[in-house]
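Asks: Position chain B relative to chain A; hints supplied.
From first to last, the protein sequence lines stand for chains A and B.
Mapping the first sequence onto numbering that gives the first Met the number 0, position 109 (from 1) lands on 108, and the numbers just tick up by one.
Mapping the second sequence onto numbering that gives the first Met the number 0, position 19 (from 1) lands on 18, and the numbers just tick up by one.
Please note that the accuracy of each hint is not assured.
Said to hold, decoys possible - Computed cross-link-like contacts, DSSO-like style, restricted to lysine-lysine with a CA-CA straight-line distance of at most 30 Å: (1) A:Lys238 / A:Lys456; (2) A:Lys238 / A:Lys452; (3) A:Lys94 / A:Lys82; (4) B:Lys82 / A:Lys456; (5) B:Lys123 / B:Lys94; (6) A:Lys43 / A:Lys238; (7) A:Lys339 / B:Lys253; (8) B:Lys238 / B:Lys82; (9) B:Lys123 / B:Lys54; (10) A:Lys452 / B:Lys253; (11) B:Lys452 / B:Lys43; (12) B:Lys253 / A:Lys253; (13) B:Lys82 / B:Lys123; (14) A:Lys452 / B:Lys456; (15) B:Lys43 / B:Lys253.
Bear in mind the hints are in silico, worked out from the structure with no lab data behind them.
Below, each chain spelled out in residue letters.
Number of protein chains: 2
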Amino acid sequence: MENMSGCDLDRLFNPRTLAFIGASASTSKWGFIILFNILKGNYKGRLYPVNPRTKAILGVPCYPSVGDISEDVDLAIITTPAKAVPGLIDECGAKRIPYVIVVSADFSETGPEGARLEHEVTAKARAHGIRIVGPNTMGVFSSQPHLHALMPPIMPLHGQVSMFSQSGNLGAQMLMWGFDEGVGFEKFVGIGNEADLTSIDFLDYFARDERTRIILAYLEGILPNSGLATLARKVSRQKPILVFKGGRTDVGTKAAASHSGAMAGSTRVHRAAFHQAGIIEVPTSQGMMDCAKAFANYPVPRGNRVGILTRGGGWGVITADACVESGLEVPPLPDEIERKISRILPPYWSHGNPVDMVAMGGDGPFMACLETLAAWDGIDAILALGGSGSRAFQYSQEIKGPRELKFVLAQEELIAEKFSNAPESTSVMTRQLVEQTGKPIIAVSLGSAESHKAALKDYHMVSYPTPERAVRVLQLMASYRRFIESPE
Amino acid sequence: MENMSGCDLDRLFNPRTLAFIGASASTSKWGFIILFNILKGNYKGRLYPVNPRTKAILGVPCYPSVGDISEDVDLAIITTPAKAVPGLIDECGAKRIPYVIVVSADFSETGPEGARLEHEVTAKARAHGIRIVGPNTMGVFSSQPHLHALMPPIMPLHGQVSMFSQSGNLGAQMLMWGFDEGVGFEKFVGIGNEADLTSIDFLDYFARDERTRIILAYLEGILPNSGLATLARKVSRQKPILVFKGGRTDVGTKAAASHSGAMAGSTRVHRAAFHQAGIIEVPTSQGMMDCAKAFANYPVPRGNRVGILTRGGGWGVITADACVESGLEVPPLPDEIERKISRILPPYWSHGNPVDMVAMGGDGPFMACLETLAAWDGIDAILALGGSGSRAFQYSQEIKGPRELKFVLAQEELIAEKFSNAPESTSVMTRQLVEQTGKPIIAVSLGSAESHKAALKDYHMVSYPTPERAVRVLQLMASYRRFIESPE
Numbered sequence: 000m001e002n003m004s005g006c007d008l009d010r011l012f013n014p015r016t017l018a019f020i021g022a023s024a025s026t027s028k029w030g031f032i033i034l035f036n037i038l039k040g041n042y043k044g045r046l047y048p049v050n051p052r053t054k055a056i057l058g059v060p061c062y063p064s065v066g067d068i069s070e071d072v073d074l075a076i077i078t079t080p081a082k083a084v085p086g087l088i089d090e091c092g093a094k095r096i097p098y099v100i101v102v103s104a105d106f107s108e109t110g111p112e113g114a115r116l117e118h119e120v121t122a123k124a125r126a127h128g129i130r131i132v133g134p135n136t137m138g139v140f141s142s143q144p145h146l147h148a149l150m151p152p153i154m155p156l157h158g159q160v161s162m163f164s165q166s167g168n169l170g171a172q173m174l175m176w177g178f179d180e181g182v183g184f185e186k187f188v189g190i191g192n193e194a195d196l197t198s199i200d201f202l203d204y205f206a207r208d209e210r211t212r213i214i215l216a217y218l219e220g221i222l223p224n225s226g227l228a229t230l231a232r233k234v235s236r237q238k239p240i241l242v243f244k245g246g247r248t249d250v251g252t253k254a255a256a257s258h259s260g261a262m263a264g265s266t267r268v269h270r271a272a273f274h275q276a277g278i279i280e281v282p283t284s285q286g287m288m289d290c291a292k293a294f295a296n297y298p299v300p301r302g303n304r305v306g307i308l309t310r311g312g313g314w315g316v317i318t319a320d321a322c323v324e325s326g327l328e329v330p331p332l333p334d335e336i337e338r339k340i341s342r343i344l345p346p347y348w349s350h351g352n353p354v355d356m357v358a359m360g361g362d363g364p365f366m367a368c369l370e371t372l373a374a375w376d377g378i379d380a381i382l383a384l385g386g387s388g389s390r391a392f393q394y395s396q397e398i399k400g401p402r403e404l405k406f407v408l409a410q411e412e413l414i415a416e417k418f419s420n421a422p423e424s425t426s427v428m429t430r431q432l433v434e435q436t437g438k439p440i441i442a443v444s445l446g447s448a449e450s451h452k453a454a455l456k457d458y459h460m461v462s463y464p465t466p467e468r469a470v471r472v473l474q475l476m477a478s479y480r481r482f483i484e485s486p487e
Numbered sequence: 000m001e002n003m004s005g006c007d008l009d010r011l012f013n014p015r016t017l018a019f020i021g022a023s024a025s026t027s028k029w030g031f032i033i034l035f036n037i038l039k040g041n042y043k044g045r046l047y048p049v050n051p052r053t054k055a056i057l058g059v060p061c062y063p064s065v066g067d068i069s070e071d072v073d074l075a076i077i078t079t080p081a082k083a084v085p086g087l088i089d090e091c092g093a094k095r096i097p098y099v100i101v102v103s104a105d106f107s108e109t110g111p112e113g114a115r116l117e118h119e120v121t122a123k124a125r126a127h128g129i130r131i132v133g134p135n136t137m138g139v140f141s142s143q144p145h146l147h148a149l150m151p152p153i154m155p156l157h158g159q160v161s162m163f164s165q166s167g168n169l170g171a172q173m174l175m176w177g178f179d180e181g182v183g184f185e186k187f188v189g190i191g192n193e194a195d196l197t198s199i200d201f202l203d204y205f206a207r208d209e210r211t212r213i214i215l216a217y218l219e220g221i222l223p224n225s226g227l228a229t230l231a232r233k234v235s236r237q238k239p240i241l242v243f244k245g246g247r248t249d250v251g252t253k254a255a256a257s258h259s260g261a262m263a264g265s266t267r268v269h270r271a272a273f274h275q276a277g278i279i280e281v282p283t284s285q286g287m288m289d290c291a292k293a294f295a296n297y298p299v300p301r302g303n304r305v306g307i308l309t310r311g312g313g314w315g316v317i318t319a320d321a322c323v324e325s326g327l328e329v330p331p332l333p334d335e336i337e338r339k340i341s342r343i344l345p346p347y348w349s350h351g352n353p354v355d356m357v358a359m360g361g362d363g364p365f366m367a368c369l370e371t372l373a374a375w376d377g378i379d380a381i382l383a384l385g386g387s388g389s390r391a392f393q394y395s396q397e398i399k400g401p402r403e404l405k406f407v408l409a410q411e412e413l414i415a416e417k418f419s420n421a422p423e424s425t426s427v428m429t430r431q432l433v434e435q436t437g438k439p440i441i442a443v444s445l446g447s448a449e450s451h452k453a454a455l456k457d458y459h460m461v462s463y464p465t466p467e468r469a470v471r472v473l474q475l476m477a478s479y480r481r482f483i484e485s486p487e
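Isolated chain A (complex conformation) (with noise of 0.2 Å):
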């Protein structure tokens, strides 16, 4: 894809050397934070620590100011307090670094003096042919240098999930449930003030990225004419857009304006835009990390038609419901599918979609039904339901009881294999079924947060705690199938 911004952003997010100005753990407590994160993170490239009152910060040697650095620059990351930032500005000018990461607040966010202060910066920046993230920005993250210039204490997990964010808050908790889930980052900004770079700039650099595979966004407010529309249209053809909107109402609109200062616009008027767009409205911020997870790691359905396989009855039908709700469609079985499940299940089992195994245990008859569903023809997607069975044992209390209650818990770990269902193997046949039929396979394990991120790290396996969460995802990559499929 062409570049539509004309900005390359190649050296800010895999910069080969790197000046750190203005950590300190007494000036500039983030800063140091920050500087923390960057060494945990063991990044490859060569870190310049910049401080003219210190010898060496965290055991790195400093350096008094960026011109006492002997080699070229890539990438200026400044945490002084806002003040200072005019004058680094110009030392980096004349070092001639191309880009600088503002992280130091207090600039347009805080009121008219703030602006004025942020204009003297961006004109600077102007001058010298730098290019700013920020200022007010929660930093960077980019997987390939190992760069985790991140304010937040976090360490993401490392995948084909893009991210820009106009809340550093919110990007930052995206992050972390990411990285509780299995969900691994390629590249994510907190945007900040945008006062130079913008979301604009972010997704035309994602959209070009080979290593990035979906593109993520939180967004307060879009400007009527920036062509973030037009170039999303673009994109969103070759890479999918998940965009969690803030300011859908008026209230929040208020909030956003004092927030990021993004002019919110009607909610209407988004969902238009966004439409057009094929960006990919996400409901809930929960929503995010669970649409990135199934964007970035399954194909999209061919259509809406859904089978659903449970093992207990109650899942099936709320199950049933969600779809429907959803706009999917739960087609009947047709009488081939039927015959061949009955000669897997007891003769008392459903007999219809959703196929309810009426509690049969064992992973044998699952897998054998779950590959007789795929094979079917009749529908696009699978959302297979384990049922509390799939749980291993768990209790609230220590024995405090008789003697003979020794034997029991002898019996403790036999019972406990008896309802484990060997999730090794039936997560590598569920992958391979989707690698075979192109179709998604949508576990609900009603399962722990630690389950379904050992399925998605180590089987490459989307599940989710609840069949409603699955059904919002399953619905969003129909409706994104329909629109890559609708003409230009």
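Replies: Here is chain B on its own, set in the frame of chain A:
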């Protein structure tokens, strides 16, 4: 409240003596597990396993038949194959046992032959004056006698929520999720095929049970003239009745028919009936424990006006959006409250509701803002968002760096301390504010399941990981308040 069903289930839920019929590891795996759970739960009454073919099960001596038990028996649990059940009902009748839980399956849920057998069982029970739970039930839990007569391997937490469920599998999952999130149960029953005792009997009993504070149900179908709605209308003015309804769509209804045999009826009809009866319809499976948590531990808000306190601007924006989209009000701050908060926060705070603390850390300012908001009579509830700062350090990889990083590791504890925000003191103070003001203050910690469980168990503080989940619960609480204040 008067006894509407004419049936007092006290000896069922508080049996002093219990006959357990048919547990042996070789012939009835599930029976064996239920007995295992009863023993593990330290049942306070006297337990008599009954099995003519063995001398002892799990170390407890067996009786050949219930007739051989010397004292009166309050409750029998039958877990044998279905064909043996009618004969055993006769034996229970001869022994004058008033309640029998028939766990055994293969009755009406499997077809006409099973239905015939079920009819035989109920006819015999009626002749003997026995009341039956089931057949095809996952069992019963009751906290006072420590009765864990449950098929799934769960030791529920004890609390004030009582639940009946038309799906054993789904109900069992709620006990598990409750365990994970700190939600305790007083009583639980899987109603199975409802051959004798039905949801109405349990609703009536829970309504009169002083230990039950809220009633929770999963229901697929309600017979049009069953009287459930009439009863619920009386009960719901005293205690909240929360229902998650399966079979809300045509496909779901069809699945429900094959599962529980229940007639689901149209969504429009059940919504109207629920509304009239003051039944709170829980929108998702996850919502059941979310709602149970708040309704069991917090006062319901007096109205629908919400104050939002946030450490991060983005989270405030999306929380305000979620409130307004749910019909909750986020009123503007009056001058007086604004002045008070201006004394706490830096000058560039949001000066509005949501109160954005603009990343000002520390618990002191947070609690001061919370107290100011709680004292404001223009709001009925508060959502307090912790932001990512409230999360302790977490890193994805071991340090594998230069020698200097040893110093970094030494610093880590120091930084982690700066990030932690003493949940004990804030939780205690928050709970006190709830008591003093009668306003629910719901925390959104964005953290892990463990942190929410601890907040609830140790401090009775209600918290959720996302603002959307908190908002949904608050909206249902406000709507319940409107119902109980409406004329009868």
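Asks: All the hints need checking, so say for each whether the structure fits it.
Replies: Hints versus structure:
no.: 1; hint: A:Lys238 / A:Lys456; result: holds, 22 Å
no.: 2; hint: A:Lys238 / A:Lys452; result: holds, 24 Å
no.: 3; hint: A:Lys94 / A:Lys82; result: holds, 20 Å
no.: 4; hint: B:Lys82 / A:Lys456; result: violated, 48 Å
no.: 5; hint: B:Lys123 / B:Lys94; result: holds, 14 Å
no.: 6; hint: A:Lys43 / A:Lys238; result: holds, 28 Å
no.: 7; hint: A:Lys339 / B:Lys253; result: holds, 21 Å
no.: 8; hint: B:Lys238 / B:Lys82; result: violated, 41 Å
no.: 9; hint: B:Lys123 / B:Lys54; result: holds, 29 Å
no.: 10; hint: A:Lys452 / B:Lys253; result: violated, 34 Å
no.: 11; hint: B:Lys452 / B:Lys43; result: holds, 27 Å
no.: 12; hint: B:Lys253 / A:Lys253; result: violated, 46 Å
no.: 13; hint: B:Lys82 / B:Lys123; result: holds, 14 Å
no.: 14; hint: A:Lys452 / B:Lys456; result: holds, 26 Å
no.: 15; hint: B:Lys43 / B:Lys253; result: violated, 42 Å
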